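> If you read the sequences in order, they're chains A and B. Residue numbering for the first sequence is 3 to 347, as defined by the numbering used here. Residue numbering for the second sequence is 3 to 347, as defined by the numbering used here.
Hints are not guaranteed to be accurate.
Which copy? The list can't say, so a pair holds if one copy fits it or any two copies do.
[Stated by the list, open to error] Calculated lysine-lysine pairs in the BS3-like style (CA-CA distance at most 30 Å, straight line):
| no. | residue 1 | residue 2 |
| --- | --- | --- |
| 1 | Lys174 | Lys157 |
| 2 | Lys290 | Lys337 |
| 3 | Lys340 | Lys290 |
| 4 | Lys340 | Lys174 |
| 5 | Lys290 | Lys342 |
Keep in mind that the hints were calculated from the coordinates and are not lab data. Bear in mind that the values here come from a model prediction, so they are computed numbers and not experimental data.
There are 2 protein chains.
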Amino acid sequence: MSSKIHPVILCGGSGTRLWPRSRAARPKPFLPLLGKRTLFEQTLDRTTNPAIFGPATIVAGSAHRDLIAGQSGAAEGVRRIEEPAARNTAPAIALAALLADEDDILLVCPSDHHIADPQAFAVAAESAAALAEENWLVAFGIEAAAPEAGYGYIKRGDPIAGGYAVDRFVEKPDLETARGFVESGEYSWNGGIFCLKAATFLEELAAQRPAMADALRQSVERGEERDGIFHPDEASFLAIDGESIDYAVMENTDRAAVVPVAMGWSDIGNWQALHAASERDADGNSVKGRAQLVDCSNVHVQTDGARVSAIGLEDVVIVVDGDEVLVTTASGAQKVGKLKGAAGQ
Amino acid sequence: MSSKIHPVILCGGSGTRLWPRSRAARPKPFLPLLGKRTLFEQTLDRTTNPAIFGPATIVAGSAHRDLIAGQSGAAEGVRRIEEPAARNTAPAIALAALLADEDDILLVCPSDHHIADPQAFAVAAESAAALAEENWLVAFGIEAAAPEAGYGYIKRGDPIAGGYAVDRFVEKPDLETARGFVESGEYSWNGGIFCLKAATFLEELAAQRPAMADALRQSVERGEERDGIFHPDEASFLAIDGESIDYAVMENTDRAAVVPVAMGWSDIGNWQALHAASERDADGNSVKGRAQLVDCSNVHVQTDGARVSAIGLEDVVIVVDGDEVLVTTASGAQKVGKLKGAAGQ
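Next comes chain A alone, as it looks inside the complex (with noise of 0.2 Å):
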């Protein structure tokens, strides 16, 4: 490697389909659901390796200033950038690559997103980023484990050094469509994470999203450093339309690549996802905190404090948090975001 890779850290994503536990003081990124650290310190801890990653960038909403303060602390030389309203991920990109030196190689990375293995993670950076030394803009490309109908994919293109080009994008296929992908075995699922040269990047959204990048831009230089915290022009700013960066740059750019990896990775997209993550017992069951399980099978606890029992069960998840109980099945799972309660994030 010539130059470290520079992670930036995306704190998006309020998890309403993890209600109870996800809320919206508490949103998904900031809670330990897998072991003991959150998502989003597992998130620094995979990109903490001095040979190969730089000081991290962690860009968020106010929201959530307090938490990123207490979570990241360890963490050293670490710049945070406040954005002053959610407008998806090209702009939140676009201010780390703004701050950055222009050669830099960016690492984009989602922090509501688990990891089972951070090796793999990490070696699947070291190929994106040689890629993105030539100016790819390099994708992660998830192994796709199922037919997932809510994921983005990516289909492969012609290969090159360490990777391959990207054919297309498709964002949220129907489940058939989504089989023959898996089938196909030329398909991977689109995690989100990025590897790109700040320049390159820049330049490309200049492209497609001139409007879009010459706000940015103003944003950044209209800016303040306040109390160790960027902050961007709030009127600059705020007149982006918010835009994913598969839509602003990638769907549209000739030097899309793709690296696949597969790496235990999980959205944790609903309680469902999170079991089928967790470390589960003979019966298929995994629990955190207190329970006793009689004649379950495939079935998740979580609670904070009051004690389950639970009987006879099979494919439910059970979480208890404070005054909010949640019983679902597995496939009722992805209805939580809709409950009441939930709605409110």
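Starting from the structure of chain A, add chain B where the hints point.
Same frame as chain A, now just chain B:
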């Protein structure tokens, strides 16, 4: 009716299968499981019509002293008997009979059952009392609504005025046998409700269990009234071997009669039984407390605080009681009494 019916309210039964609502300090009879009144209060309520009923006698252990005082306040002229220890129903009923006038007609009522139709109960009580006047020992024959293996059954014999002589009692048949009983139409459930003349019962007890009868007589002779509660002599009482009225008297006597009655009876033997006796919505769900149910059918939710959100469940019971949360399938409800916490009662 030549004389009034004297209710004898028995307060036994911890109800471990209704844990966590039912706990050692708050046993089943004293909980408002259906409606706003507790089962004990409802038992008293059913026998307050002064045209039919005289004042009640309540037989209980010292552990329930305050609960009984608190929940029987409005009933007039109540006599209370405190057993030094639990010795099953034969001794409890005998204590009430010994303290009654010998011609008194006693109506023995467990206080941990639910009766949906109190009018049918009162009508049956009058039929039973007429037979008791003629020295029959009368059991209520509860309409056998289903082949329950856990219940006692009564087979009808020859008809007598207002009821039937008992052909035989059968305790807890296997399921196949119970099915035959229900199909035959000749069997009723034994709900533990009996109507008998004090003197007749004591004669039969003396004939069948002379030692028990002697010990009880001594216990009452040496007993004393303190603070409005009759305390049988402890030493004499503790010497008794506990036995139910069924085994000690009803199964051996020639004077057993049965009065069939359909009155919406339930022993609320577990959470599923409580659900079945509850008011249910169009999807068969019953809810007590704060809850939201999505795509649920035949689900019972009961919570004393935390809000319960349920998705996609069928035939499931959810109970929140302070620091305990129970989630069980309908069929698993039988096993609640064996859970840690429940077993301690």
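> For the identical chains here, do Lys290 and Lys342 meet the 30 Å Cα criterion within one copy, between copies, both, or neither?
both (24 Å within a copy, 18 Å between copies)
> 30 Å Cα cut-off: does Lys340 pair with Lys290 within a copy, between copies, both or neither?
Answer is both: 24 Å inside a copy and 22 Å across each meet the 30 Å cutoff.
> What label fits Lys290 with Lys337 when the C-alpha limit is 30 Å: within, between, both, or neither?
Both ways: Lys290 and Lys337 sit 22 Å apart in one copy and 23 Å across, limit 30 Å.
> Checking an output row: Lys340 and Lys174, CA cutoff 30 Å. Within, between, both or neither?
within (20 Å within a copy, 47 Å between copies)
> Have a look at Lys174 and Lys157 and pick one of within, between, both or neither, based on CA distance no larger than 30 Å.
within (13 Å within a copy, 66 Å between copies)
Hint check: no violations occur; every hint is consistent with the structure.
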